[in-house]
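Chain order of the listed sequences is L and D.
Numbered by my numbering, the letters in the first sequence go through residues 1 to 75 in order.
Numbered by my numbering, the letters in the second sequence go through residues 1 to 526 in order.
Read the hints as simulated data drawn from the structure, not as lab findings.
We treat Cβ as the ideally placed atom computed from N, Cα and C, and that holds for glycine.
Hints may contain errors.
[Said to hold, decoys possible] With a Cα cut of at most 25 Å, we get these calculated BS3-like pairs of lysine-lysine:
1) D:K196 with D:K311
2) D:K323 with D:K95
3) D:K196 with D:K66
4) D:K88 with D:K73
5) D:K323 with D:K91
6) L:K71 with D:K334
7) D:K341 with L:K3
8) L:K67 with D:K163
9) L:K3 with D:K73
10) D:K84 with L:K67
11) D:K117 with D:K323
12) D:K400 with D:K329
13) D:K334 with L:K3
14) D:K73 with L:K71
[As the list claims (entries may be wrong)] Distance windows between CB atoms, simulated:
15) L:W66 with D:L501: 40 to 48 Å
16) L:D14 with D:A13: 34 to 42 Å
17) D:F390 with L:D46: 35 to 43 Å
18) L:D18 with D:Y387: 22 to 30 Å
19) L:H12 with D:I502: 43 to 51 Å
20) L:D18 with D:A13: 23 to 31 Å
21) D:Y387 with L:E70: 30 to 38 Å
This is what each chain is made of:
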Amino acid sequence: MDKLLEILKEIHADVDYDTCETLIDDGILDSFDIISIITEISSEFDVQIPANEIVPENFNSAAALWKLIEKLEDE
Amino acid sequence: MSFVSLGFLAFLAVLILLYYLVPKKGQWILLLAGSVFFYAFAGWSALIFIAVTALSTYLAGIYIGKLAADRDKYIKEHSAELDKEAKKAYKAKVKKRTYLIMSLCLLLNLGMLAVIKYTDFGISIVNGIFRTNIGFVHFALPMGISFYIFQSMGYIIDVYRGKYAPEKNIARFALFVSFFPQLLQGPISRFDELSKTLYGPHKFDWNKFARGAWRVLWGYFKKVVIADRMITAVLALSGEPEKYTGVYVVALVLFYAIELYADFTGGIDITIGVAEMLGIEVAENFDRPFFSLNITEYWRRWHITMGTWFKDYIFYPLSVSPKMLKISKWSREKLGQAIGKRVPVYLSTIIVWFATGLWHGAAWNFIVWGLLNCLVIIVSQELSPLYTRFHKRFGFSNTKGYNVFQMFRTFWLMGFIRVLDVYRDVPGTFRQVWSVFTTANWGNLFSGSFLKLGLTLSDFIAVLAGCAVMFTVSVLQNKGQVRDNIILKRPVAVRLVVFVLIALLITIFGAYGIGYDAGAFIYGQF
């Protein structure tokens, strides 16, 4: 999780990822940010997030994104 | 059948009457019959293309659905004997087959679109490069083909991704592809959203019906009073570019922005309004885009369903594809973190905007238009740290006044890129835009020359009044729908009288008067 937070902090340092649950709904992350995050995740975690998983539910919070990574690692 | 014709209004009246009279279970079948009738007006041959799209996508969806169901059944039945790796391998094997079917379906439909839409463009390129003289084929573009093919492609990709189960009834699927209000110029609907209300049953709901009717009226107002009037000046100014330079180019940018907005959003209002009268919810395609502060926001608010289509089905899959991730890794190693990080995003952005340009039409002006949009987006992205610092440093940049400046800037920037559409000549457009800085003819604003463009003073006054109404409505929409907040709160008798009066006003102040088959919708040609 720390590694993921590090990636997210690098995109937007001023966001409180522990509490924010509206990263997509409030437009904090745009499509450019999402792709940067996915690219970083693929090199850090060795999982590939497919396009069909790019939905608000998976990217609205750090916790949701972490859950997705765990799910994909498990598959 | 144009939306702006007595024929369409008669068709709509009969259809709506029957729709609420037939048994509820038959409503969607009536809609399908109505859609086929509507489409057949454009020529029976065009029906073949839409039938090929509907049938091929339907069959591919069914087949993919069957393979997925068989896969799940197999894994369930053999879960004890299959370990994790074996399950994974089996899933991958099935995925390969479903991918193949989806690809064939995409290839057939996009191939069909490419042949019809782009053959002449291809020939012109070949003729240009090899100095040959191959004759053009001049295929007639079937009505709405870019829209229904994209809608169907979205469906088959979603089914492949397992987002929803395929539609089993071919007639129901055919209605999804051919639903007449959105056939002409979209919106590009998603099956999981449209199907919620498309198939009914729908009891007559006076409130919904009235909301829909008001929206249709609003659409006609924009189209007939504003767009169809403005087009005369747009054609005059773009028809003689040598004569109309400098201030006239600025005027053209403004006039075309007004015309296109009133035309496209007016058409979409009619589409969504008609659907609402039938109890059906169609996705919104605009969110007052001229109030956008920057180009990225503008593209989130203009032609929304096209933007999200390109994002979901091209931008994201391309950006996160294994190949792109490889390119990203390579570029980070070779070009450094800072540049390497940007490669997949920017490469995908360029490809998406190239495709968006090409989708709009088979000509260089559309491609350059797409790439210019892309350039502005990438430059703004690169400058965003600078903007953040600027907004932190200077307090005035967070005021309403500065926001108005940003809207103004975005409006004109998009406007100047957009005139590529009307000149349809890339170097010519650049020459015209350059003339704004080199030709000092601003005095012509007051010389009466604008009254020689085919529009009288009263025409300009009508457009100005129309724009003032559009602007006021847009501002009022900050607090919700004008229909709900103002109109529908009045007594029925008052509403009825006002509705009839506005309809009469549209008839009188419409650019050509009723009975005239008014100008085609601009987006109908894409």
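Structure-based check of all given hints:
For the given pair, K196 (chain D) sits about 23 Å from K311 (chain D) by alpha-carbon distance, which is consistent with the 25 Å threshold. Taking the CA atoms of K323 (chain D) and K95 (chain D), the gap is about 18 Å. The hint holds against a cut of 25 Å. For the hint linking K196 (chain D) to K66 (chain D), the alpha-carbon distance of about 23 Å falls within 25 Å, and the restraint holds. With a C-alpha separation of about 15 Å, the suggested pair K88 (chain D) and K73 (chain D) falls inside the 25 Å cut-off, and the hint holds.
In summary, the hint linking K323 (chain D) to K91 (chain D) is supported, as the alpha carbons are separated by about 21 Å, within the 25 Å threshold. Under the criterion of a C-alpha separation no larger than 25 Å, the hint pairing K71 (chain L) with K334 (chain D) is inconsistent with the structure, at around 32 Å. Simply put, K341 (chain D) and K3 (chain L) have alpha-carbon atoms about 17 Å apart, close enough for the 25 Å limit, and the pair holds. In summary, the hint linking K67 (chain L) to K163 (chain D) is supported, as the alpha carbons are separated by about 19 Å, within the 25 Å threshold.
A C-alpha spacing of about 38 Å is found between K3 (chain L) and K73 (chain D), which places the hinted pair above 25 Å, so the restraint is violated. The straight-line distance between the Cα atoms of K84 (chain D) and K67 (chain L) is roughly 20 Å, inside the 25 Å bound, and the hint therefore holds. Proposed proximity of K117 (chain D) and K323 (chain D) is contradicted: the alpha carbons are some 29 Å apart, above 25 Å. Simply put, K400 (chain D) and K329 (chain D) have alpha-carbon atoms about 43 Å apart, too far for the 25 Å limit, and the pair is violated.
Between the alpha carbons of K334 (chain D) and K3 (chain L) the distance comes to roughly 24 Å, so the proposed pair stays at or under 25 Å and holds. Between K73 (chain D) and K71 (chain L), the direct Cα distance comes to roughly 22 Å. Compliance with the 25 Å bound is thereby established for this hinted pair. Here the CB-CB span from W66 (chain L) to L501 (chain D) is close to 59 Å, at odds with the stated 40 to 48 Å. Roughly 57 Å separates the CB atoms of D14 (chain L) and A13 (chain D), a value that falls outside the hinted 34 to 42 Å.
At roughly 39 Å, the beta carbons of F390 (chain D) and D46 (chain L) sit within the given window of 35 to 43 Å. Judged by the Cβ atoms, the range 22 to 30 Å given for D18 (chain L) and Y387 (chain D) holds: they are separated by roughly 27 Å. The beta-carbon spacing between H12 (chain L) and I502 (chain D), approximately 47 Å, falls within the hinted interval of 43 to 51 Å. For the pair D18 (chain L) and A13 (chain D), the supplied restraint of 23 to 31 Å is violated, since their beta-carbon distance comes to about 58 Å.
Judged by the Cβ atoms, the range 30 to 38 Å given for Y387 (chain D) and E70 (chain L) holds: they are separated by roughly 36 Å.
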